[in-house]
Amino acid sequence: MPISPVKTRIPLSSFGHLVTEVKKQLFGIKDPSPDQLTGWRKYFNSYTQQGRRNFVLATYGILVITAAAYLMHKPNKDGKQTSASTH
Amino acid sequence: MTVSLFDQFESPLFLGIPLMAIALVLPWALLPKPCSRWISGRYLTLQNWFISRFTHQIFQPISHPGYKWALLFTSLMLFLITVNMLGLLPYTYTPTTQLSVNMGFAVPLWLATVIIGMRNQPSLSLAHLLPEGTPTPLIPVLIIIETISLFIRPLALGVRLTANLTAGHLLLQLISLAAFVLLPIMTATAFLTWSLLVLLTLLEIAVAMIQAYVFVLLLSLYLQENV
Numbered sequence: 001m002p003i004s005p006v007k008t009r010i011p012l013s014s015f016g017h018l019v020t021e022v023k024k025q026l027f028g029i030k031d032p033s034p035d036q037l038t039g040w041r042k043y044f045n046s047y048t049q050q051g052r053r054n055f056v057l058a059t060y061g062i063l064v065i066t067a068a069a070y071l072m073h074k075p076n077k078d079g080k081q082t083s084a085s086t087h
Numbered sequence: 001m002t003v004s005l006f007d008q009f010e011s012p013l014f015l016g017i018p019l020m021a022i023a024l025v026l027p028w029a030l031l032p033k034p035c036s037r038w039i040s041g042r043y044l045t046l047q048n049w050f051i052s053r054f055t056h057q058i059f060q061p062i063s064h065p066g067y068k069w070a071l072l073f074t075s076l077m078l079f080l081i082t083v084n085m086l087g088l089l090p091y092t093y094t095p096t097t098q099l100s101v102n103m104g105f106a107v108p109l110w111l112a113t114v115i116i117g118m119r120n121q122p123s124l125s126l127a128h129l130l131p132e133g134t135p136t137p138l139i140p141v142l143i144i145i146e147t148i149s150l151f152i153r154p155l156a157l158g159v160r161l162t163a164n165l166t167a168g169h170l171l172l173q174l175i176s177l178a179a180f181v182l183l184p185i186m187t188a189t190a191f192l193t194w195s196l197l198v199l200l201t202l203l204e205i206a207v208a209m210i211q212a213y214v215f216v217l218l219l220s221l222y223l224q225e226n227v
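In order, the protein sequence lines correspond to chains A and B.
Take the first sequence: its letter number 75 is residue 75 in the working numbering, and every next letter is one higher.
Take the second sequence: its letter number 40 is residue 40 in the working numbering, and every next letter is one higher.
In case anyone wonders, no lab produced these hints; they're calculated from the structure.
Treat the hints with caution; some may be incorrect.
[Said to hold, decoys possible] These stretches of chain B come out as covered by chain A in the derived footprint (C-beta under 8 Å, 3 or more residues):
(1) 17 to 27
(2) 131 to 144
[Said to hold, decoys possible] Away from chain A, derived, C-beta distances all over 12 Å, residues of chain B:
(3) T55
(4) F59
(5) F105
(6) T147
(7) A188
(8) L196
By construction, the Cβ of each residue, glycine as well, lies at the ideal position given by its N, Cα and C atoms.
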């Protein structure tokens, strides 16, 4: 009877976590130790908890800034079009 | 007079009074209360055994701070399983076929798990949105995907229960209508249809119990991530 190579319980609530666990347990891809992470990798990486948190915050920040810039630019663009049509 | 197949899902009114309240309170009226006797009766013992097994099963992977949710999850499970099973009786109303009822359970409980996670361990809750070992080019995409999957959870919870029960009840009504109509015309086919109806009823009994369990199990998984 073949034994499942999956040893630990895989959380089923996230596909991404499932892929990560399968990668780790079936293909043996190991995470680098925190000492090996230098430079900006020390603060932004997908291995340590802080690194992942910083990446999430950075992504949200970029999305918020992009949305704010788009919304600020859009009313100005509408104003310019209406003034051009009246003249 | 044509009868709409969806009439069974309409919220019943009696003299303008919504009977939904009675349907929602019915499990409380039917389930036994703990008694002060030394040895309780069969019904209460069975209920206690079920509650004990269920609580042990659900809370085994959850850490100690999550144990305070035991009462909520167990009562939710008892409520859902009772309501679902009562709805299988002919001419009864099933509150869990209403999306509003199921979303009323799903959204606050899911939101509570998210708020607890953000409040007690904000760093870990945010880190959950990026799976470990993700390649760098995929990180922004995966964060957005995980965020979308996080917000779609309550919708999936509510709609799953609603759709399963509604589809089951609709199928039961359709096949019973077919068996009834075919009885004077083609008796053998009506018998086959009736056999299918019996099997479908057994399936719906299983679905009623399983969907209640899945609802609470998924909530416990969301709690496990955040507590």
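* Determine which of the earlier numbered hints do not hold for this structure and return their numbers in increasing order. => Checked against the structure, the hints that fail are numbers 1, 6, while the rest are satisfied.
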